[in-house]
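Residues per chain are reported as follows:
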Amino acid sequence: MSRLVDQAIADAGLADLAQARRDLDFARLEALATSLGTADLLAVGALADRIRAEEVGDRVRVFAGTPADEGRDVIVVAADDAGDRGQVLRRVACARILGPRAARVRVDWMSTGIELAQVALGFGASELAGPVLSRRGLPILSDSTKKVKGAGLVSSQLLKKKELSALVRMAGRVPVFAPEATSSTSAPSDGGGSLEHP
Amino acid sequence: MSTLEPIARKVRAGERLSFDDGVALFRHPDLLAVGQLANEVREHLHGDRTYFNRNMRIEVTNVCVASCLFCSFAKLEEGAPGSRTMKLEEAWRELEIRMADPPSEIHIVNGLHPGLPFSYYEELLRGFLRIKPDVHMKCFTAVEIHFFARHYGMTYEEVLRRLMAAGLGSLPGGGAEIFHPEVRTRISDDKATAEEYLDVHRVAHKLGLRTNATMLYGHIETFEHRVDHLLRLRSLQDETEGLQAFIPLAFHPDGNGMKNLPAPTAVDDLRTLAVSRLLLDNVPHIKAYWVSLTPKVAQVGLRFGADDIDGTIVHETIYSAAGSKSPSGLTYDELVRLIREAGRTPVERDTLYRVVRELPREAMPEAAFKVKDRKAGRHLEVL
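Residue numbers (this note's numbering), protein chains in the order written: chain A, 1 to 198; chain B, 1 to 383.
Extracted from the complex, chain A is given alone in its bound form:
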């Protein structure tokens, strides 16, 4: 992380919050949390990304469908399209900054759109979940979105593993397709990331 980013975090008034996070002082984090609502979005994201890099590294676990509840610290961020699409990235970052150490911050790309989900990987997210297409082009999970080739109506949510893998790599991260996710056992590997063994 460059000094440029350090300076941006400090300029945004987040230095105390960053220190509280380093100390894992959650009471102090809670007290300082209000500043996250108004601080510069990119500075909030940069702080979250730093925490993500330090605590969970570069791997991104990708789930086909809605994963079963694994009973570990998972923070799911989804978008309510009616009201908060402008806040999704900030909420992802806040989840990383305020959440438990090495929390699994997961973005639901069905609700956010895959574009914002990819960007969220730079704002502290470490997991992605949503419907994935099989190699034959059939959706693994039911989805009302129709893909009409040549008619310009392409689903924004249905992606193949290969495409997801490329999206994650384009964000500078390493995709890991999680085998424990619902329905993912039927998903063939078509050149995406490696499988993770829990």
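This list has only true hints and no planted wrong ones.
Using 30 Å as the maximum straight-line C-alpha spacing, the simulated DSS-like pairs for lysine-lysine come out as follows: (1) B/132 <-> B/87; (2) B/75 <-> B/259; (3) B/259 <-> A/162; (4) B/206 <-> B/132; (5) B/87 <-> B/75; (6) B/259 <-> A/160.
From chain A, some residues computed to sit far from chain B (all C-beta separations above 10 Å): (7) 22; (8) 23; (9) 24; (10) 27; (11) 56; (12) 101; (13) 176; (14) 179.
Just so you know, the hints here were simulated from the structure itself, not pulled from any lab data. Every residue, glycine too, gets a C-beta built ideally from N, C-alpha and C.
Using the hints provided, position chain B relative to the given structure of chain A.
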């Protein structure tokens, strides 16, 4: 890992960035750091202000003699399935039906139709002016102007003067694609060259017209080609100061000759906006064109160097034919909401960036970011 420190020092000192700086920015792994730097420049120039306008977009014909690989209308002949050329009355009707909530700008971009007389285009503009005398007509890309000049046997200046007499107010930026011949000759070798595109803009600026410029990215070009493109525009702007806005256009692959390529991702979109802001130090505005980027990415782009989100559009067909997932129009209120949710101040402008109305910035909601335990502290959610 390369560091951004030297580039940041240059930016803050007002020094011009080099070709190598541009490539380094495109390759730098820390997207947010590049975005921060672009945002500094954006806020230095425009503060929180984010511009938009009320416009309508019309393509009066998609018949085109050019064979651009990226275009869903390539080599489309009159009478072929899917081809369409509006009668003048049909085009004018598009404006007439919107007069209850009229646009301030008509944005016209067409295919290169070999069978229409030049008077068709002159009369097209005159007809719109008859319906709404104060409407601004931002019409015909430099590629079209070049085609008109060759096809109808005129100079660029003669073409532009005749269109200006008919009501032309400015030129849109389309048709730039990628200037470098290594790319241009492969994706669009039978229309205006880079030099011809730039020369049309040069002549337009000399005649007092303002123009925009674009770059179609995310297909077969390299970062070096993108930087070369941006620096050619910067040189033109040094010479003429006639460019108002730069608009990076994301490649969309559906239904065209490059459908085997993936579309650029949101990370690439945001980085391209940011690097454009940093390299084009003499171009006032960088536009996050929501039709190309999707409204959500365009909204985030307002933190990555962009200060304009384009307009209400209504009736866009070029990107929708290429598989764009964006809606074909946004209402005034939707645009205002997009800008406000990005924490910016919406400013309605006219085509020449004169302020029509500045809307109040909405107070950001009180921070309610807490991580709430669900299921005995094991599974959490953000409030």
